[in-house]
Amino acid sequence: MADDAQTRRRGVFAHPSEEEFARILDFYQIAWEYEPRTFALRWDEHGNVLEAFSPDFYLPEQDMYVELTTMEPRLMTKKHRKLRQLQKLYPDINIKLLNRADFKGLMLKYGLDEDEGLVGPRGQPPKPE
Amino acid sequence: MDSRGSPRWPADIGPTFLSEEQIQQRVAELGAQVSRDYAGQDLVVIGVLKGVLFFMADLLRAITIPVCVDFLAISRYGAAEQTRGVVRLTKDLNEPIDGRHVLFVEDIIDTGLTTHFIMRTLRQQGPSSLNACVLLNRTRRRLIDVDLAYVGFEIPDYYLVGYGLDFKERYRNLPHLVKYERNRSG
Numbered sequence: 001m002a003d004d005a006q007t008r009r010r011g012v013f014a015h016p017s018e019e020e021f022a023r024i025l026d027f028y029q030i031a032w033e034y035e036p037r038t039f040a041l042r043w044d045e046h047g048n049v050l051e052a053f054s055p056d057f058y059l060p061e062q063d064m065y066v067e068l069t070t071m072e073p074r075l076m077t078k079k080h081r082k083l084r085q086l087q088k089l090y091p092d093i094n095i096k097l098l099n100r101a102d103f104k105g106l107m108l109k110y111g112l113d114e115d116e117g118l119v120g121p122r123g124q125p126p127k128p129e
Numbered sequence: 001m002d003s004r005g006s007p008r009w010p011a012d013i014g015p016t017f018l019s020e021e022q023i024q025q026r027v028a029e030l031g032a033q034v035s036r037d038y039a040g041q042d043l044v045v046i047g048v049l050k051g052v053l054f055f056m057a058d059l060l061r062a063i064t065i066p067v068c069v070d071f072l073a074i075s076r077y078g079a080a081e082q083t084r085g086v087v088r089l090t091k092d093l094n095e096p097i098d099g100r101h102v103l104f105v106e107d108i109i110d111t112g113l114t115t116h117f118i119m120r121t122l123r124q125q126g127p128s129s130l131n132a133c134v135l136l137n138r139t140r141r142r143l144i145d146v147d148l149a150y151v152g153f154e155i156p157d158y159y160l161v162g163y164g165l166d167f168k169e170r171y172r173n174l175p176h177l178v179k180y181e182r183n184r185s186g
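Line by line, the protein sequences are chains F and A.
Per our numbering, residue 1 is the first one in the first sequence, and the count goes up by one each step.
Per our numbering, residue 1 is the first one in the second sequence, and the count goes up by one each step.
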């Protein structure tokens with residue numbers, strides 16, 4: 001079980017939404033790991049990895065990965081393609097995508113919908129390759 | 001005020017999602033089903049405050065076998081600093097449930113986080129059986145799988161208020177379920 005201090009470590013998370021999500025999991029005492037595994041998605045002819053994907057969270061008790069994104073839907077094409085490729089190459093992996101609308105819904109539910117920093121007017125930028 | 005002088009609900013109250021009649025018909029069906037399934041058994045029906053208030057009251061009156069009733073309350077995640085610890089019971093059960101059949105009743109299941117915590121807490125108290133009954137099942141954001149023995153309605157990703165469901169503690173007293181649309185112009 002990750003302790004609450006883990007979520008207070010500034011700089012661990014790529015985006016404030018991820019830190020908030022970790023706090024929610026901590027609150028409900030759900031064990032989690034942050035980006036524990038990177039899945040190779042594409043290789044060159046020498047076997048070097050050209051493209052990979054690291055889901056944001058892993059919930060060990062549920063054996064489920066969670067990818068959280070607050071990106072605008074128009075910027076999601078590449079992420080959707082990566083998710084499809086992940087599911088094709090690793091069919092036994094259980095992964096859940098929480099998109100911008102899902103996260104906004106969660107924030108509305110918890111009364112945090114007015115915190116612009118969590119979702120932002122344009123959402124989070126794509127992760128660097 | 002409308003033309004007849006009656007107060008109006010604010011503009012952020014959207015269209016009706018489920019009418020009183022639709023809700024009552026389904027609750028009656030659930031009550032009949034629970035009555036059949038638990039006939040002759042010692043059943044404790046447990047609700048978690050406050051959203052379940054109206055559903056619990058209607059469901060209990062639709063159940064035609066004798067049951068015991070109890071309530072739990074838990075802390076909720078939110079912006080207040082004091083809620084940034086871990087979830088905890090703010091009201092425990094009054095009825096012992098060790099060796100008894102328990103039906104946990106909830107208004108809505110979304111991520112499954114709350115239900116998972118409560119079911120785990122109840123299971124630790126040694127009931128003979130433990131099942132869950134939910135009025136509204138919204139699976140879009142489900143993180144924790146929860147076995148649901150009784151489901152009123154499967155719902156899409158709408159934010160609903162009324163019939164016990166709130167937005168920042170308001171609108172619970174609407175008799176039907178409506179879509180909450182925050183930026184809806186009046």
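These aren't lab readings, by the way, just hints derived from the structure by calculation.
Everything numeric in this text was worked out from a predicted model, so none of it was measured.
It cannot be assumed that every hint is accurate.
Said to hold, decoys possible - Reference listing, derived: stretches of chain F covered by chain A, where coverage requires no fewer than 3 residues with Cβ under 8 Å from a Cβ of chain A:
| id | stretch |
| --- | --- |
| 1 | 31-44 |
| 2 | 80-88 |
| 3 | 96-106 |
As the list claims (entries may be wrong) - Non-contacting residues of chain F with respect to chain A, defined by C-beta distances greater than 10 Å in every case (computed):
| id | residue |
| --- | --- |
| 4 | A14 |
| 5 | P16 |
| 6 | R23 |
| 7 | D26 |
| 8 | G47 |
| 9 | N48 |
| 10 | S54 |
| 11 | M71 |
| 12 | P73 |
| 13 | L75 |
| 14 | T77 |
| 15 | P91 |
| 16 | I93 |
| 17 | Y110 |
| 18 | G111 |
| 19 | L112 |
Claimed, not checked - Straight line, CA to CA, 27 Å or less: simulated BS3-like cross-link-like pairs of lysine-lysine:
| id | chain 1 | residue 1 | chain 2 | residue 2 |
| --- | --- | --- | --- | --- |
| 20 | F | K82 | A | K179 |
| 21 | F | K96 | F | K82 |
| 22 | F | K96 | F | K109 |
| 23 | F | K79 | F | K96 |
| 24 | A | K179 | F | K104 |
| 25 | F | K104 | F | K79 |
| 26 | F | K104 | F | K78 |
| 27 | A | K50 | F | K104 |
| 28 | A | K179 | A | K168 |
| 29 | A | K168 | A | K50 |
| 30 | F | K104 | F | K82 |
| 31 | F | K88 | F | K78 |
| 32 | A | K50 | F | K109 |
| 33 | F | K109 | A | K179 |
| 34 | A | K179 | A | K50 |
| 35 | A | K168 | A | K91 |
| 36 | A | K91 | A | K50 |
| 37 | A | K168 | F | K109 |
| 38 | A | K179 | F | K96 |
| 39 | F | K109 | F | K79 |
| 40 | A | K91 | F | K96 |
We put the CB at the ideal spot given by N, CA and C, even for glycine.
Hints, verified against the model:
Coverage of a stretch by a chain is defined here by at least three residues with a beta carbon nearer than 8 Å to that chain's beta carbons; for the stretch 31-44 of chain F and chain A the count is 0, and the condition is violated. With a threshold of 8 Å between beta carbons, the proposed coverage of the stretch 80-88 of chain F by chain A is violated, since 0 of its residues qualify and at least three are required. With a threshold of 8 Å between beta carbons, the proposed coverage of the stretch 96-106 of chain F by chain A holds, since 6 of its residues qualify and at least three are required. Separation of A14 of chain F from chain A is adequate, the least Cβ-Cβ distance of about 20 Å exceeding the 10 Å criterion.
Residue-level check passed: P16 of chain F sits 14 Å from the nearest beta carbon of chain A, beyond 10 Å. The beta carbon of R23 of chain F sits about 7 Å from the closest Cβ of chain A, which is not more than 10 Å, so the claim that it is off the interface is violated. Once the 10 Å rule is applied to beta carbons, D26 of chain F is inconsistent with being away from chain A; the minimum gap is 7 Å. For G47 of chain F, the requirement that its beta carbon stay farther than 10 Å from each beta carbon of chain A is met, with the minimum near 35 Å.
Non-interface status of N48 of chain F relative to chain A is upheld: no Cβ of that chain comes within 10 Å, the nearest being about 35 Å off. With a closest Cβ-Cβ approach of about 19 Å to chain A, S54 of chain F is found to remain outside the 10 Å limit, as its non-interface label requires. For M71 of chain F, the shortest C-beta to C-beta distance to chain A comes to about 17 Å, beyond the 10 Å cut-off, and the non-interface label holds. For P73 of chain F, the condition that its CB be more than 10 Å from all CB atoms of chain A holds, with the nearest at approximately 14 Å.
For L75 of chain F, the non-interface assignment is confirmed: its Cβ lies about 20 Å from the closest Cβ of chain A, beyond the 10 Å cut-off. Every CB of chain A lies more than 10 Å from the CB of T77 of chain F, the least distance being 21 Å, so the non-interface label holds. Interface exclusion of P91 of chain F from chain A stands, the closest Cβ pair being 19 Å apart, more than 10 Å. Under the 10 Å C-beta cut-off, the non-interface status given to I93 of chain F relative to chain A holds; the minimum distance is some 16 Å.
Against the 10 Å criterion, Y110 of chain F falls within the reach of chain A, whose nearest CB is about 5 Å from its own CB. The Cβ of G111 of chain F does not lie farther than 10 Å from every Cβ of chain A; its closest approach is about 5 Å, which violates its non-interface assignment. The non-interface label for L112 of chain F is inconsistent with chain A: the shortest C-beta to C-beta separation is roughly 6 Å, within 10 Å. Between the alpha carbons of K82 of chain F and K179 of chain A the distance comes to roughly 34 Å, so the proposed pair goes past 27 Å and is violated.
Of the pairs offered as hints, the one joining K96 of chain F and K82 of chain F holds, with about 13 Å between alpha carbons and a cut-off of 27 Å not exceeded. Straight-line distance between C-alpha atoms of K96 of chain F and K109 of chain F comes to about 19 Å, which keeps the hinted pair within the 27 Å bound. Taking the CA atoms of K79 of chain F and K96 of chain F, the gap is near 13 Å; set against the 27 Å cutoff, the hint holds. The suggested pairing of K179 of chain A with K104 of chain F holds, with an alpha-carbon distance near 16 Å, which does not exceed 27 Å.
Note on K104 of chain F and K79 of chain F: the hinted pairing holds, with a Cα-Cα distance of about 19 Å set against a maximum of 27 Å. Taking the CA atoms of K104 of chain F and K78 of chain F, the gap is about 21 Å. The hint holds against a cut of 27 Å. The straight-line distance between the Cα atoms of K50 of chain A and K104 of chain F is roughly 23 Å, inside the 27 Å bound, and the hint therefore holds. Distance restraint check for K179 of chain A and K168 of chain A: the Cα-Cα separation of roughly 15 Å lies within the 27 Å cut-off, and the hinted pair is therefore satisfied.
For the hint linking K168 of chain A to K50 of chain A, the alpha-carbon distance of about 12 Å falls within 27 Å, and the restraint holds. Restraint check: the Cα-Cα separation between K104 of chain F and K82 of chain F comes to about 23 Å, which is no more than 27 Å; the hinted pair holds. A hinted pair counts as satisfied when its Cα atoms are at most 27 Å apart, and K88 of chain F with K78 of chain F qualifies at roughly 15 Å. A distance of roughly 14 Å separates the Cα atoms of K50 of chain A and K109 of chain F; the hinted pair therefore holds under the 27 Å criterion.
Distance check on the hinted pair: K109 of chain F and K179 of chain A sit about 13 Å apart at the alpha-carbon level, within 27 Å; holds. At roughly 19 Å between alpha-carbon atoms, K179 of chain A and K50 of chain A fall within 27 Å of each other, so this suggested pair holds. Proximity of K168 of chain A to K91 of chain A is assessed by CA-CA distance (about 20 Å); at most 27 Å being required, the pair is judged to hold. Only pairs whose Cα atoms come within 27 Å are accepted, and K91 of chain A paired with K50 of chain A is accepted, the gap being roughly 11 Å.
The suggested pairing of K168 of chain A with K109 of chain F holds, with an alpha-carbon distance near 9 Å, which does not exceed 27 Å. Annotation: proposed proximity of K179 of chain A to K96 of chain F holds, straight-line Cα distance about 25 Å (limit 27 Å). Simply put, K109 of chain F and K79 of chain F have alpha-carbon atoms about 26 Å apart, close enough for the 27 Å limit, and the pair holds. Pair hint K91 of chain A plus K96 of chain F does not hold up; C-alpha atoms about 33 Å apart against a cutoff of 27 Å.
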